[in-house]
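Student: Required output: the full structure, derived from the provided sequences and hints.
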Amino acid sequence: GAVVSQHPSWVICKSGTSVKIECRSLDFQATTMFWYRQFPKQSLMLMATSNEGSKATYEQGVEKDKFLINHASLTLSTLTVTSAHPEDSSFYICSARTGGVKKTQYFGPGTRLLVL
Amino acid sequence: AQKITQTQPGMFVQEKEAVTLDCTYDTSDQSYGLFWYKQPSSGEMIFLIYQGSYDEQNATEGRYSLNFQKARKSANLVISASQLGDSAMYFCAMEYGNKLVFGAGTILRVKS
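Line by line, the protein sequences are chains A and B.
Quick note: the first sequence uses our numbering, first residue 1, plus one each step.
Quick note: the second sequence uses our numbering, first residue 117, plus one each step.
Careful: at least some of the hints might be erroneous.
Stated by the list, open to error - Straight-line distance between alpha carbons at most 27 angstroms, and here's what the computed DSS-like set of lysine-lysine pairs gives:
#, chain 1, residue 1, chain 2, residue 2
1, A, K55, A, K66
2, A, K66, B, K132
3, B, K215, B, K189
4, A, K20, A, K41
5, B, K189, B, K119
6, A, K64, B, K119
7, B, K215, A, K20
8, B, K119, A, K41
9, B, K132, A, K14
10, B, K132, B, K215
11, B, K215, A, K64
12, B, K119, B, K227
13, B, K215, A, K66
14, A, K14, A, K64
15, B, K215, A, K55
16, A, K41, B, K189
To be verified - A partial selection of chain A residues facing chain B, derived with a Cβ cut-off under 10 angstroms:
#, residue
17, H7
18, P8
19, S9
20, K14
21, F39
22, S43
Hint data in this document are derived by calculation from the structure and do not stem from the laboratory.
All C-beta atoms, glycine included, are put in the ideal place defined by N, C-alpha and C.
Tutor: See the structure below:
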């Protein structure tokens with residue numbers, strides 16, 4: 001299957017700081033990438049759809065100014081958690097959608113964020 | 117609105133036996149895709165299998181098969197010959213537009 005990387009895999013930061021998470025499609029071009037959030041023992045919740053060359057589309061209830069998304073190229077999307085607080089601590093996962101007949105979303109390994 | 121329901125919070129299966137993980141969905145769309153993903157304790161989401169709503173044959177990928185019953189709106193995952201490494205959380209998901217909506221997940225534990 002296609003390969004999606006995410007960096008960093010772990011981040012611990014102080015409250016009030018900003019954290020940037022990168023998502024890269026390594027062996028295919030992805031015009032659309034997605035950012036999810038997952039709390040312990042819960043399902044994945046879609047936060048936003050990242051579109052190359054245009055603004056991200058956010059799901060209802062997700063603060064645009066809090067979670068900044070930039071899709072600068074066909075292989076890179078970044079999520080910046082601005083002024084992070086302890087309640088932002090979570091597992092953040094990105095995915096990239098392939099084209100072709102069977103359009104499948106491949107996920108990155110995820111980033112665990114802990115805000116102290 | 118699209119909805120995915122996984123009614124089994126947890127399942128146990130004996131090693132080498134087959135297990136079925138249930139998934140039902142609700143949609144008014146005629147064209148849709150159904151996915152199963154595996155999430156081990158490491159957190160990564162591993163794509164297992166895909167079924168399109170117009171696919172006439174049930175999807176199969178190695179030891180994974182999808183029992184697709186369109187009239188019942190069910191898309192159960194069957195894992196044959198379970199292995200210890202199959203212990204993980206399993207998510208059923210449905211695609212609408214280009215987004216995925218996930219079920220609550222089923223934790224599978226394979227016993228030796």
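Student: Each hint should be assessed against the structure and marked as holding or not.
Tutor: Against the structure, the hints:
Taking the CA atoms of K55 (chain A) and K66 (chain A), the gap is about 15 angstroms. The hint holds against a cut of 27 angstroms. Between K66 (chain A) and K132 (chain B) the alpha-carbon distance is near 47 angstroms, which puts this suggested pair outside the 27 angstroms criterion. Note on K215 (chain B) and K189 (chain B): the hinted pairing holds, with a Cα-Cα distance of about 19 angstroms set against a maximum of 27 angstroms. Distance restraint check for K20 (chain A) and K41 (chain A): the Cα-Cα separation of roughly 24 angstroms lies within the 27 angstroms cut-off, and the hinted pair is therefore satisfied.
Restraint check: the Cα-Cα separation between K189 (chain B) and K119 (chain B) comes to about 11 angstroms, which is no more than 27 angstroms; the hinted pair holds. The straight-line distance between the Cα atoms of K64 (chain A) and K119 (chain B) is roughly 25 angstroms, inside the 27 angstroms bound, and the hint therefore holds. A distance of roughly 23 angstroms separates the Cα atoms of K215 (chain B) and K20 (chain A); the hinted pair therefore holds under the 27 angstroms criterion. Of the pairs offered as hints, the one joining K119 (chain B) and K41 (chain A) holds, with about 19 angstroms between alpha carbons and a cut-off of 27 angstroms not exceeded.
A distance of roughly 47 angstroms separates the Cα atoms of K132 (chain B) and K14 (chain A); the hinted pair therefore is violated under the 27 angstroms criterion. For a cut-off of 27 angstroms, the pair hint linking K132 (chain B) to K215 (chain B) is broken: about 35 angstroms separates their Cα positions. Taken as a hint, the K215 (chain B) and K64 (chain A) pair is honoured in the structure, with Cα atoms around 18 angstroms apart against an allowance of 27 angstroms. The hinted pair formed by K119 (chain B) and K227 (chain B) fails the criterion: a straight-line CA distance of about 31 angstroms is larger than 27 angstroms.
Annotation: proposed proximity of K215 (chain B) to K66 (chain A) holds, straight-line Cα distance about 21 angstroms (limit 27 angstroms). Restraint check: the Cα-Cα separation between K14 (chain A) and K64 (chain A) comes to about 21 angstroms, which is no more than 27 angstroms; the hinted pair holds. At roughly 16 angstroms between alpha-carbon atoms, K215 (chain B) and K55 (chain A) fall within 27 angstroms of each other, so this suggested pair holds. Taking the CA atoms of K41 (chain A) and K189 (chain B), the gap is about 26 angstroms. The hint holds against a cut of 27 angstroms.
The criterion of a C-beta within 10 angstroms of any C-beta in chain B is not met by H7 (chain A), whose closest approach is roughly 14 angstroms, and the hint is violated. Hint status for P8 (chain A) relative to chain B: violated, with the closest Cβ pair at about 13 angstroms, above 10 angstroms. At a threshold of 10 angstroms, the smallest CB-CB gap from S9 (chain A) to chain B is about 9 angstroms, leaving the interface hint in force. Taking 10 angstroms as the C-beta cut-off, the interface hint given for K14 (chain A) is violated, the closest approach to chain B being about 23 angstroms.
This hint is violated: F39 (chain A) has a C-beta 12 angstroms from the nearest C-beta of chain B, more than the 10 angstroms allowed. The closest approach between the C-beta of S43 (chain A) and any C-beta of chain B is roughly 5 angstroms, which is under the 10 angstroms cut-off, so the hint is satisfied.
Violated hints, in rising order: 2, 9, 10, 12, 17, 18, 20 and 21; the structure is consistent with all others.
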